[in-house]
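The lines below spell out each chain.
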Amino acid sequence: GGIITQTPKFLIGQEGQKLTLKCQQNFNHDTMYWYRQDSGKGLRLIYYSITENDLQKGDLSEGYDASREKKSSFSLTVTSAQKNEMAVFLCASKDWGREDTQYFGPGTRLLVL
Amino acid sequence: GDSVTQTEGPVTVSESESLIINCTYSATSIAYPNLFWYVRYPGEGLQLLLKVITAGQKGSSRGFEATYNKETTSFHLQKASVQESDSAVYYCALGGPQGGNTGKLIFGLGTTLQVQP
Numbered sequence: 095g096g097i098i099t100q101t102p103k104f105l106i107g108q109e110g111q112k113l114t115l116k117c118q119q120n121f122n123h124d125t126m127y128w129y130r131q132d133s134g135k136g137l138r139l140i141y142y143s144i145t146e147n148d149l150q151k152g153d154l155s156e157g158y159d160a161s162r163e164k165k166s167s168f169s170l171t172v173t174s175a176q177k178n179e180m181a182v183f184l185c186a187s188k189d190w191g192r193e194d195t196q197y198f199g200p201g202t203r204l205l206v207l
Numbered sequence: 277g278d279s280v281t282q283t284e285g286p287v288t289v290s291e292s293e294s295l296i297i298n299c300t301y302s303a304t305s306i307a308y309p310n311l312f313w314y315v316r317y318p319g320e321g322l323q324l325l326l327k328v329i330t331a332g333q334k335g336s337s338r339g340f341e342a343t344y345n346k347e348t349t350s351f352h353l354q355k356a357s358v359q360e361s362d363s364a365v366y367y368c369a370l371g372g373p374q375g376g377n378t379g380k381l382i383f384g385l386g387t388t389l390q391v392q393p
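Chains as they are written, first to last, in my numbering: chain A, 95 to 207; chain B, 277 to 393.
Among these hints, one or two may not hold up.
Okay, derived cross-link-like pairs now, DMTMM-like style, lysine to aspartate or glutamate, Cα gap no bigger than 20 Å in a straight line [to be verified]:
#	chain 1	residue 1	chain 2	residue 2
1	A	Lys164	A	Asp153
2	A	Lys164	A	Asp148
3	A	Lys135	B	Asp278
4	A	Lys135	B	Glu320
5	A	Lys151	B	Asp278
6	A	Lys135	A	Asp148
7	A	Lys103	B	Glu320
8	A	Lys135	B	Glu293
9	A	Lys177	A	Glu156
To be clear, the hints were calculated from the coordinates, so they are not data collected in a lab. Keep in mind it's a predicted model, so treat the numbers as computed, not measured.
Please construct the entire structure, taking both the sequences and the accompanying hints into account.
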């Protein structure tokens, strides 16, 4: 087994601020994902990475940057926080192959004042 | 395109009653869809409840069942007798080989289940 750790757990930012969220996994999984969850809108894919140093845009990549520094970590940056923005960011990982089960972290809750 | 539609919540049932949460999918770009139910219990992270990767098969976990029906493009979640501890948000998700095997999942909006004692 393994776990996914996300930091910070809560993030309060100011409008226009650049904010970075971090994700670590010890599953030794190849692929990692960042999702955004807004109330009543389900999960939407922001970025994903198939392997170290790979980056792929998801459906909601505008306004975000990502970085896969090493196999175990995947960071997401909100390039300019929007006023009154409130969402939960979920990190996930999965192993390479046809098996599609993703394992999720506990999430980072963002609030922009 | 690829999409998932599930029962709009909240769904409220009494303990020991039966439950069905509907899920239908559209998989236009996925040759062999995999289907999942994820659950988020209060205060916990999103976790896999059950999955089925072959059409016609049934998955089960914690008393819940779901059958992958390719003809009706459905994957409804059922339980014969719910408990208060089943109160959670349930997400139906669609995945499968999508050119490069990225493993992307497409989620429904989630259904909040409230079980009354």
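Right, here's what the structure says about each hint:
1. A:Lys164 to A:Asp153: It is violated: about 23 Å lies between the C-alpha atoms, which goes past 20 Å.
2. A:Lys164 to A:Asp148: Given that 20 Å is the threshold and the Cα spacing comes to 10 Å, the pair holds.
3. A:Lys135 to B:Asp278: 16 Å, holds
4. A:Lys135 to B:Glu320: Within the cut-off at roughly 19 Å; holds.
5. A:Lys151 to B:Asp278: 17 Å, holds
6. A:Lys135 to A:Asp148: Violated. Lys135 (chain A) to Asp148 (chain A) sits at ~27 Å, over the 20 Å cutoff.
7. A:Lys103 to B:Glu320: 12 Å, holds
8. A:Lys135 to B:Glu293: 28 Å, violated
9. A:Lys177 to A:Glu156: Judged against 20 Å, a Cα distance of about 16 Å means the pair holds.
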